[in-house]
Amino acid sequence: GQQLNQSPQSMFIQEGEDVSMNCTSSSIFNTWLWYKQDPGEGPVLLIALYKAGELTSNGRLTAQFGITRKDSFLNISASIPSDVGIYFCAGQSIVSSNTGKLIFGQGTTLQVKP
Amino acid sequence: DGGITQSPKYLFRKEGQNVTLSCEQNLNHDAMYWYRQDPGQGLRLIYYSQIVNDFQKGDIAEGYSVSREKKESFPLTVTSAQKNPTAFYLCASSQQGSQPQHFGDGTRLSIL
Chain A
22 GQQLNQSPQS MFIQEGEDVS MNCTSSSIFN TWLWYKQDPG EGPVLLIALY
72 KAGELTSNGR LTAQFGITRK DSFLNISASI PSDVGIYFCA GQSIVSSNTG
122 KLIFGQGTTL QVKP
Chain B
17 DGGITQSPKY LFRKEGQNVT LSCEQNLNHD AMYWYRQDPG QGLRLIYYSQ
67 IVNDFQKGDI AEGYSVSREK KESFPLTVTS AQKNPTAFYL CASSQQGSQP
117 QHFGDGTRLS IL
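If you read the protein sequences in the order shown, they are chains A and B. One gets the working numbering by counting positions in the first sequence from 1 and adding 21 to each. One gets the working numbering by counting positions in the second sequence from 1 and adding 16 to each.
Chain A on its own, in the form it takes in the complex:
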């Protein structure tokens, strides 16, 4: 089945540093979503992208929908301790858009050292 490759798998950074993570797909997507999951809780939607080339910000977070429609990245600027968690990308293909089925990346675990 379809797969998303999300990298890096984990990051350990100093507070104040910027963070970048990305997802790539073998097929074209028409929607990219980025979620954050805290331990023992459900994922929370951070940013939704719907058009190739779209660049969207949410506070210190910025995400882009790749021009090829096969990739997306998420940047976090000036990281703080509460940014700790697992970040997931998720994509939806044109074929799946009427069912809402998403394909998830394996997640990027972010740890921030104060």
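Since the hints were made in silico from the structure, they are not lab data.
PhoX-like cross-link-like pairs, simulated, lysine-lysine; straight-line CA separation at most 25 Å:
#1 B:K86 x B:K25
#2 A:K122 x A:K91
#3 B:K86 x A:K122
#4 A:K122 x B:K87
Residues from chain A shown here face chain B by an in silico Cβ test under 7 Å; the list is partial:
#5 L54
#6 E62
#7 G63
#8 P64
#9 L66
#10 A69
#11 G121
#12 F125
#13 G126
#14 Q127
Note that the coordinates shown come from a computational prediction; the quantities given were computed from them, not determined experimentally. We treat Cβ as the ideally placed atom computed from N, Cα and C, and that holds for glycine.
Based on the hints, put chain B in the right spot on chain A.
For chain B alone, coordinates are given in the frame of chain A:
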């Protein structure tokens, strides 16, 4: 407050037992989904439902069953046929298939 409520938070199952996980939403969303999450892995789709009284298998439906008798409720039963049920189970809903999914806080199922 509007949202998705999963219960219980923790659940224990004995060998050979069926257990049912509850998922209720008051967002008036049409579509609902069940996912399984294992450590170090992404979310895998078990079942989904786009309208009441209709549901479809996801990628890992074997050993699970669902029902959608009401718009706001989508319970998941983990049957004894599921040989490796220990996992974190997440329920999600969306307004329509093309809209982003929003998640509940999950149920952690363990085997006694």
